[in-house]
Amino acid sequence: MPQPSAKLWLPLLGSALLLTASCTKDDDNSPPTPVAGAYSAGVFIINEGSGGNGNGVSFFDRSNLSQIKRDIYQDANGNAIGDIPQSLTVVGDKAYLVVNNSNKIEIVAADTYKHVSQIEQLKLPRYFTALSSTKGYVTEAVTYSGRPGRVRVINLTTNTLGDTIAAGIQPEQLLQAGGKVFVSNWGDNTLTIIDPTRNTVETSLVVGGAPRTMVLDADNKLWVLCGGAVYNPDYTPNTAKSTNARLVRIAPASNAIELTIDLGDNMANYGTLQRSPDGRTLYYTGQGGVFSLPITATVAPTAPLVRRGSFYGLGVDPKDGLLYLTDALDYVSNGRVIRYGTTGAVRDSFAVGVNPGSVYFRQ
Amino acid sequence: MLLWFDALPGRGASCSTKPMRLFGLLRSRHTGRHRAFLSLPPVSLLGATLAICTLPLGAMAQHRVFPADTIRLPAAEVRAPRTAGQWATGARLTTLDSARLRERPFATLADVVGPEAGIFLKHYGPGQLASVALRGTSARHTAIIWRGFAVNLPTAGETDLAFVPVQEAGRVTVQHGPAGATFGTGAVGGAILLDAPAPPAPGFRARMQQALGAFGYAATAASASWATAHGSVVVNGWHRAARNDFPLRFREFGTWVTRRQTDAALWQRGASLDAHYALPGMGTVAVAGWWSYSDRQLSPTLGAASAHARQLDATQRLVLEWTSPTARAGLTTVRAGFFRDRLDYHDDNFTSPSRTDTWQAQVEHSRALGRRLTGRVGVEAQQFRAAVPAYGTALLTQQRASLFALLHYQPTERLTLSLNARQAAISGLAAPPLAPTLGLAWRALVRQRMVLTIKGSASGSYRAPTLNERYYQPGGNPLLRPERGRGAEAGVQMTTSAGSFSTETELTAYQQRIRDWVRWAPARPGDAIWSPLNLLEVQTRGLEATTRLDAGTARRGICLRLSYTLTQAWQHRATRPTEVLGQQLIYVPMHTLAGSLESRWHHWRARLDGQWYSQRFVQPDHGAALPAYGLLDLTLARAVLLPVVRLDFTATLCNLTDVRYQSVAARPMPGRSWQVSVAVASTR
Chain A
3 MPQPSAKLWL
13 PLLGSALLLT
23 ASCTKDDDNS
33 PPTPVAGAYS
43 AGVFIINEGS
53 GGNGNGVSFF
63 DRSNLSQIKR
73 DIYQDANGNA
83 IGDIPQSLTV
93 VGDKAYLVVN
103 NSNKIEIVAA
113 DTYKHVSQIE
123 QLKLPRYFTA
133 LSSTKGYVTE
143 AVTYSGRPGR
153 VRVINLTTNT
163 LGDTIAAGIQ
173 PEQLLQAGGK
183 VFVSNWGDNT
193 LTIIDPTRNT
203 VETSLVVGGA
213 PRTMVLDADN
223 KLWVLCGGAV
233 YNPDYTPNTA
243 KSTNARLVRI
253 APASNAIELT
263 IDLGDNMANY
273 GTLQRSPDGR
283 TLYYTGQGGV
293 FSLPITATVA
303 PTAPLVRRGS
313 FYGLGVDPKD
323 GLLYLTDALD
333 YVSNGRVIRY
343 GTTGAVRDSF
353 AVGVNPGSVY
363 FRQ
Chain B
1365 MLLWFDALPG
1375 RGASCSTKPM
1385 RLFGLLRSRH
1395 TGRHRAFLSL
1405 PPVSLLGATL
1415 AICTLPLGAM
1425 AQHRVFPADT
1435 IRLPAAEVRA
1445 PRTAGQWATG
1455 ARLTTLDSAR
1465 LRERPFATLA
1475 DVVGPEAGIF
1485 LKHYGPGQLA
1495 SVALRGTSAR
1505 HTAIIWRGFA
1515 VNLPTAGETD
1525 LAFVPVQEAG
1535 RVTVQHGPAG
1545 ATFGTGAVGG
1555 AILLDAPAPP
1565 APGFRARMQQ
1575 ALGAFGYAAT
1585 AASASWATAH
1595 GSVVVNGWHR
1605 AARNDFPLRF
1615 REFGTWVTRR
1625 QTDAALWQRG
1635 ASLDAHYALP
1645 GMGTVAVAGW
1655 WSYSDRQLSP
1665 TLGAASAHAR
1675 QLDATQRLVL
1685 EWTSPTARAG
1695 LTTVRAGFFR
1705 DRLDYHDDNF
1715 TSPSRTDTWQ
1725 AQVEHSRALG
1735 RRLTGRVGVE
1745 AQQFRAAVPA
1755 YGTALLTQQR
1765 ASLFALLHYQ
1775 PTERLTLSLN
1785 ARQAAISGLA
1795 APPLAPTLGL
1805 AWRALVRQRM
1815 VLTIKGSASG
1825 SYRAPTLNER
1835 YYQPGGNPLL
1845 RPERGRGAEA
1855 GVQMTTSAGS
1865 FSTETELTAY
1875 QQRIRDWVRW
1885 APARPGDAIW
1895 SPLNLLEVQT
1905 RGLEATTRLD
1915 AGTARRGICL
1925 RLSYTLTQAW
1935 QHRATRPTEV
1945 LGQQLIYVPM
1955 HTLAGSLESR
1965 WHHWRARLDG
1975 QWYSQRFVQP
1985 DHGAALPAYG
1995 LLDLTLARAV
2005 LLPVVRLDFT
2015 ATLCNLTDVR
2025 YQSVAARPMP
2035 GRSWQVSVAV
2045 ASTR
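Residue numbers (our numbering), protein chains in the order written: chain A, 3 to 365; chain B, 1365 to 2048.
These are calculated hints, taken from the structure and not from any lab test. Just so we're clear, the structure is a prediction, and the values are computed from it rather than from any experiment. Glycine included, every Cβ here is placed at the ideal spot set by N, Cα and C. Check each hint, because a few of them may be wrong.
[What the hints assert, rightly or not] Away from chain B, derived, C-beta distances all over 12 Å, residues of chain A: (1) 51; (2) 202; (3) 300; (4) 353.
[Claimed, not checked] To spell it out: a stretch of chain A is covered by chain B in this simulated footprint if at least three of its residues, at any positions, have a beta carbon under 8 Å from a beta carbon of chain B; those stretches are: (5) 75–85; (6) 233–247.
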């Protein structure tokens, strides 16, 4: 069971081991009528929640930080989005919210967050990408028993499930580059590279232990951050696949690994990789805080840009390059988002929901 | 060997059973004046039906008032010297109403402990996991003691009360507050004691009960007993099943929808045995057995997809006991037990089997050290053998042992002092701290119709790390320190009686500090793997008030029982800056109310039970809370006496006002529901 989200495996230990949490009130008032275009621009925080509590999508308008909306899905629809929202992808006028423990993709109007449709019967879905207005891919972990996951093809016209494409263990993020789709296999040490015209696997590329987040830089090179530690299904370390944490640069056209930057053996596997708006600087989280390096670097930075012991996810605003570092605090209370300038200076911070895992931006 | 006076009135004693029956039995020893039994010297009585032996008597029974012409014998027992009453001087005890437990033998402790003892339980759904927490602590801080041995799973360190049927529990007493000196690990918030049932009436008796209820509920319970002057055998069997497909009403995409709960069915069965035999001149042997099997679906949280989770629990427990004859040299009890616990969890993604064997033994010796001083010393040893694949080893063995000593001193008739202490040792870990308890009970005012007792105690307690906490892969922390509690309580207790009217009122205030409190969290920020860590220092304090009024006779009367608790518990200190300090802990309601009003009229009985819990925060930062809720249950019962059998018809409307509530977040509970049962019991 490699690299499961803590919130996924903890309930499995039996409630004996865990504090669970939450508030679901049966008799909420009618949801306010959504304001058209309310969410057409701003910052979205995905709160993964804890035991069915505190999950949802927080939103704020960059120009009015004091007006944070804690759960815009609940506001628009009157019900919680489900258990463990994982990722958000906007395609045209729709937003696709992958809800991991509800085995579904919730489709909402991107401007209002009003429910449009949902795609169910998935198995532990994680991330989504749209290849066109009619076709999308979603990664499915399927299981945490060490068996491979898969990528599922989705018909975005009918919102129905199509072919499956075999992936590695715990396929996670999807990135389109060079006419291909790269899938990071978090519970493994590979990227699965898919030919989207045929929905087939072109090849599998060994990159390092526990690859998860990927970005494309200004030179259209693909960078992947490998957390390093790979676990067997019984949670013993998989020494064959584990490596030091590393950043790997890949040429999408040739699938060639051009550069590997060793980050040492002291990384957290939840490390997140992001890029600056111009694509010339990379940011990643690891033990000690947020690190940055130019895409021309060949060695790891020695000191963090932002020194901080506690953090969860990282986003970089494509509009102004500000860093949004999320902090899950004790993982059962409301988390915080801290904003930093590009020099690493703190701007401000504000409370969001429980376990803020990722940050998304609409311009 | 035990003396069991089921019918003694007192805290939690049956509203419908008056003391008269018992005193009729004992009136031949009439002394002619009122005496609290505390003033009696230790007695040894080998009666026609029961062998009894009373050691100096504990505070539990000291406060009752009886008719002036009645000699009192305590509800003490030697059978289980760890029974609360005897040595818990100054502690607060709640004995669950045995008559009410008999009414629903197939119910589980999850159904009765909350309303009866005024305790908030976390219910994950009907028939699903139910965990109890006392005085602001957690389920792992509640020791469950069955026939003298702790039954909390050595793996998880707690007991699912939805898997403990009332019939197998026997007599149920809740000791509120730390009891580490008496019960060892886990008794930080308190303990629940499941002692052997009352010895049955002489001859052969049998009882069978069938219940039906809403949402596919069906339960059967049967028991038979046989007793002579020298011994008794009680056997019980039960079975219950439920679909638990109760309706859920919730908002979805802007409209209200109603669906039925899924994946919540259960099938459970079990049997138990309690027997004792008095060997002429050689003491008493007793045996207790408990077999249970449970197959449950575990329903997903609201909004989550079903992973088709299922849990199998199987328990086999056997305890053998020998108690020496009463002699000047004192009383010796030797007890040995074997427990086998199986807990298999599986769902679409995950399989987690576990088997644990526990071998354990206790030897205790009590003796009088003068007229007013009694002492006891004992030793206890346990070996756990756990076959849990997640521990990464085929068989994990762990030993624990403890020494304990208890002193009980009555300098005057009215004053009782006790000093208990226990020192434990755990293989592979530094020894937990010494757990001492100093207790005091002073009957400050003794009048013809009223007794006022002032009581108090100060205790140290501990919780040894569980096997899961130490060895579970990933995350297990072999070097986890035991949690340590230090607390004190004080209270006053008053009983009055006038004619057929009696009252019993108790008020207790307590506080406790628990250090090295364990919480699972990423070992390093951002780590994927969580570990149990000695993160917190928790402070608790509260007030507990109970009162019981009883008026009338066995045939006609009413009984009112009320309890209120104020519980405050917060993180006082933490080793991480991300922890929230000073806020009420999650799932600890600050205010709890419970009560019942029962009216009996010849063969009819009607009872209204109520419980109310204030809001429970579900996030440490109080970012979310579950609203307060109150529940009312109405029960109507009719007994029909026929020449050789007695029939009891019972109908209950649960959650009368159809409150939709969640005890645990995203785990809905059913609205209004019903249950009916009929019992047939032989009367001679």
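Verification of the supplied hints:
At roughly 9 Å from the closest C-beta of chain B, the C-beta of residue 51/A falls inside 12 Å, breaking its exclusion from the interface. Even its closest Cβ contact with chain B, about 27 Å, leaves residue 202/A beyond 12 Å, as expected for a residue assigned away from the interface. Interface exclusion of residue 300/A from chain B stands, the closest Cβ pair being 25 Å apart, more than 12 Å. The beta carbon of residue 353/A is not kept farther than 12 Å from every beta carbon of chain B, the shortest such distance being approximately 8 Å.
A stretch counts as covered by a chain when three or more of its residues have a beta carbon under 8 Å from one of that chain; for the region 75–85 of chain A and chain B the count is 7, and the coverage holds. As drawn, the region 233–247 of chain A meets chain B at 4 residues by the rule of a beta-carbon pair under 8 Å; at three or more, the given contact holds.
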